[in-house]
Amino acid sequence: MYSFDYTKPTDLSAAVDSLGTEGAQAMGGGQTLIPVLKQRLSQPSILVDLSGIESLKGIRRMGDMLVIGAGTTHGAVAGSSDVSGAIAGLTELAGKIGDPQVRNRGTIGGSLANNDPAACYPSAALALGATIETNKREIAADDFFQGLYATALEEGEVITAVKFPIPVASTYQKFEQPASRFSLTSVFLAKMADGSVRVGVTGAGADGVFRHAGLEQALSANFAASAVDGVEVSAEGMSNDLHATPEFRANLVKVMTKRAVEALS
Amino acid sequence: MSTISITVNGKQKSGDAQGNTLLVDFLRSELKMTGTHVGCDTSQCGACVVHVNGESVKSCSVFASACDGATVTTIEGMANDDGSLGVIQAAFQEQHGLQCGFCTPGMVMSIAEMLKNNPQPTEAEIREGLKGNICRCTGYHNIVKAAQSAAAALAGAAQAAE
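If you read the sequences in order, they're chains C and L.
Just remember that our numbering sits 195 ahead of the position in the first sequence, which is counted from 1.
Just remember that our numbering sits 1 ahead of the position in the second sequence, which is counted from 1.
Bound-form chain C, shown alone (with noise of 0.2 Å):
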């Protein structure tokens, strides 16, 4: 690692003012920050540390929301009844992220914040249309995610806290890359109050999440397995690597939706 200075502030304000430093890089739970550090691929001036900020962690509900704080740990979200009770397939989500000890520090801010093309969470805020409530203001998932690691965050804004609207049911299904056990292709997808169908996808797209319209139109049409057959997902658009080719990915793609439908019926 390159050198850098480190402070670990107690409040958000706090923790603002030295992220107005020139350089300065915030931190969720570090578990993807430190091995880019480690790498050299990041040279942060400070590092600020949220890890810090009570107010910032914490799982509540509010009417038809489920409000879960940026510093929340990927286990505390897996180990919530509060979540499980309200949006299953975000407790699936969780509990499916890394392992022990990733999930003991890893936190639902960081992994939206930092919008890997195969994190978890991102294709839950997008299908469930979570609103992402940072410092300075509120943003739809549907314009947060602005392609492969780049997001609607400027500098020096920090998330707080995402909101997500319950939904009648909800599930993740995740093909993973086996030796990363990030997601290869995977769906999270919800019926909403209004009867819409939301698909979101992670891990396929070439410019990361994406919500498939054809497949949520063919679902809030006739929810059933079958209804995935005759939906076109194209290969294009995919990503490629040694792991999957676009098509298989492509085809992943309605496999996994398939089954989650099949987990909600």
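Certain hints may be false.
No more than 25 Å apart at the CA atoms, straight line, and that leaves these computed lysine-lysine pairs for DSS-like [unchecked claim]:
no.: 1; chain 1: L; residue 1: Lys14; chain 2: L; residue 2: Lys33
no.: 2; chain 1: C; residue 1: Lys449; chain 2: C; residue 2: Lys291
no.: 3; chain 1: C; residue 1: Lys386; chain 2: C; residue 2: Lys331
no.: 4; chain 1: C; residue 1: Lys233; chain 2: L; residue 2: Lys132
no.: 5; chain 1: C; residue 1: Lys203; chain 2: C; residue 2: Lys291
no.: 6; chain 1: C; residue 1: Lys233; chain 2: C; residue 2: Lys358
no.: 7; chain 1: C; residue 1: Lys453; chain 2: C; residue 2: Lys331
no.: 8; chain 1: C; residue 1: Lys386; chain 2: C; residue 2: Lys358
no.: 9; chain 1: L; residue 1: Lys146; chain 2: L; residue 2: Lys12
no.: 10; chain 1: C; residue 1: Lys252; chain 2: L; residue 2: Lys117
no.: 11; chain 1: L; residue 1: Lys132; chain 2: C; residue 2: Lys291
no.: 12; chain 1: C; residue 1: Lys386; chain 2: C; residue 2: Lys291
no.: 13; chain 1: C; residue 1: Lys252; chain 2: C; residue 2: Lys291
no.: 14; chain 1: C; residue 1: Lys291; chain 2: L; residue 2: Lys117
no.: 15; chain 1: C; residue 1: Lys203; chain 2: L; residue 2: Lys117
no.: 16; chain 1: C; residue 1: Lys203; chain 2: C; residue 2: Lys252
no.: 17; chain 1: C; residue 1: Lys331; chain 2: C; residue 2: Lys358
no.: 18; chain 1: C; residue 1: Lys291; chain 2: L; residue 2: Lys146
no.: 19; chain 1: L; residue 1: Lys132; chain 2: L; residue 2: Lys146
no.: 20; chain 1: L; residue 1: Lys14; chain 2: C; residue 2: Lys203
no.: 21; chain 1: L; residue 1: Lys33; chain 2: C; residue 2: Lys233
no.: 22; chain 1: L; residue 1: Lys117; chain 2: L; residue 2: Lys146
no.: 23; chain 1: C; residue 1: Lys203; chain 2: C; residue 2: Lys233
no.: 24; chain 1: C; residue 1: Lys233; chain 2: C; residue 2: Lys331
Derived list of chain L stretches under chain C, where covered just means 3 residues or more per stretch with a C-beta under 8 Å from a C-beta of chain C [what the hints assert, rightly or not]:
no.: 25; region: 16-29
no.: 26; region: 64-72
Everything labelled a hint here was simulated from the structure, so no lab data went into it.
A virtual CB, placed ideally from N, CA and C, is assigned to each residue, including glycine.
Dock chain L against chain C, hints included.
Leaving out everything else, chain L in the frame of chain C:
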């Protein structure tokens, strides 16, 4: 450079750390506690697992400065007070749960947390709970047996205490 104070295995310890000093390097180089191993240094192998405030973490993926004031338990804290092997360590010995032994400190620490949260795990739950720990010798079979044996021994001890 700043001074970090942590409680390690019940004892107060202090040492110097840079902003980028990892917890595992602080434990090994500053506190000279070399039971915690660095296997891959890329957050994958789990040889460096310790507990920070009661939760298992990969100490190669946590900064020492983040643990200032924390309570840390390492493999050195898993032995009995008289220096004999603790229950999980003894189970590894009895079940031949190690060959070269390099991954064992992390395996023991991961199993300790697993059994605390789930005292009677199924084989599938044990394998799932050890996803963050890699062993290149055993093929995992005897490690799973060691976890099962430790779970039974701890359950027996708990029953005897009642």
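These are the hints, each one checked on the structure:
Our distance criterion of 25 Å between C-alpha atoms is met by L/Lys14 and L/Lys33, whose separation comes to about 11 Å. Straight-line distance between C-alpha atoms of C/Lys449 and C/Lys291 comes to about 20 Å, which keeps the hinted pair within the 25 Å bound. Simply put, C/Lys386 and C/Lys331 have alpha-carbon atoms about 30 Å apart, too far for the 25 Å limit, and the pair is violated. For the hint linking C/Lys233 to L/Lys132, the alpha-carbon distance of about 22 Å falls within 25 Å, and the restraint holds.
The suggested pairing of C/Lys203 with C/Lys291 is violated, with an alpha-carbon distance near 28 Å, which exceeds 25 Å. Simply put, C/Lys233 and C/Lys358 have alpha-carbon atoms about 33 Å apart, too far for the 25 Å limit, and the pair is violated. Distance restraint check for C/Lys453 and C/Lys331: the Cα-Cα separation of roughly 39 Å exceeds the 25 Å cut-off, and the hinted pair is therefore not satisfied. For the hint pairing C/Lys386 with C/Lys358, the CA-to-CA distance comes to about 17 Å; that is within 25 Å, so the pair holds.
Only pairs whose Cα atoms come within 25 Å are accepted, and L/Lys146 paired with L/Lys12 is rejected, the gap being roughly 32 Å. With a C-alpha separation of about 23 Å, the suggested pair C/Lys252 and L/Lys117 falls inside the 25 Å cut-off, and the hint holds. A distance of roughly 10 Å separates the Cα atoms of L/Lys132 and C/Lys291; the hinted pair therefore holds under the 25 Å criterion. For the hint pairing C/Lys386 with C/Lys291, the CA-to-CA distance comes to about 21 Å; that is within 25 Å, so the pair holds.
A hinted pair counts as satisfied when its Cα atoms are at most 25 Å apart, and C/Lys252 with C/Lys291 qualifies at roughly 20 Å. Taking the CA atoms of C/Lys291 and L/Lys117, the gap is about 20 Å. The hint holds against a cut of 25 Å. Pair hint C/Lys203 plus L/Lys117 does not hold up; C-alpha atoms about 29 Å apart against a cutoff of 25 Å. For the suggested pair C/Lys203 and C/Lys252, the alpha carbons sit about 15 Å apart, so the restraint of at most 25 Å is met.
For a cut-off of 25 Å, the pair hint linking C/Lys331 to C/Lys358 stands: about 15 Å separates their Cα positions. Among the hinted pairs, C/Lys291 with L/Lys146 is consistent with the structure: their alpha-carbon atoms are about 24 Å apart, no more than 25 Å. Note on L/Lys132 and L/Lys146: the hinted pairing holds, with a Cα-Cα distance of about 16 Å set against a maximum of 25 Å. A threshold of 25 Å between alpha carbons decides the hint, and for L/Lys14 with C/Lys203 the separation of about 20 Å falls inside it, so the pair holds.
With a C-alpha separation of about 22 Å, the suggested pairing of L/Lys33 with C/Lys233 holds against the 25 Å cut-off. Taking the CA atoms of L/Lys117 and L/Lys146, the gap is about 17 Å. The hint holds against a cut of 25 Å. Only pairs whose Cα atoms come within 25 Å are accepted, and C/Lys203 paired with C/Lys233 is accepted, the gap being roughly 19 Å. Taking the CA atoms of C/Lys233 and C/Lys331, the gap is about 31 Å. The hint is violated against a cut of 25 Å.
Coverage of the region 16-29 of chain L by chain C holds in this model, with 4 residues showing a Cβ closer than 8 Å to a Cβ of that chain against a need of three. With a cut-off of 8 Å between beta carbons, the region 64-72 of chain L has 4 residues touching chain C; three or more are needed, and the interface restraint holds.
Violated hints for the displayed structure, listed by number in ascending order: 3, 5, 6, 7, 9, 15 and 24.
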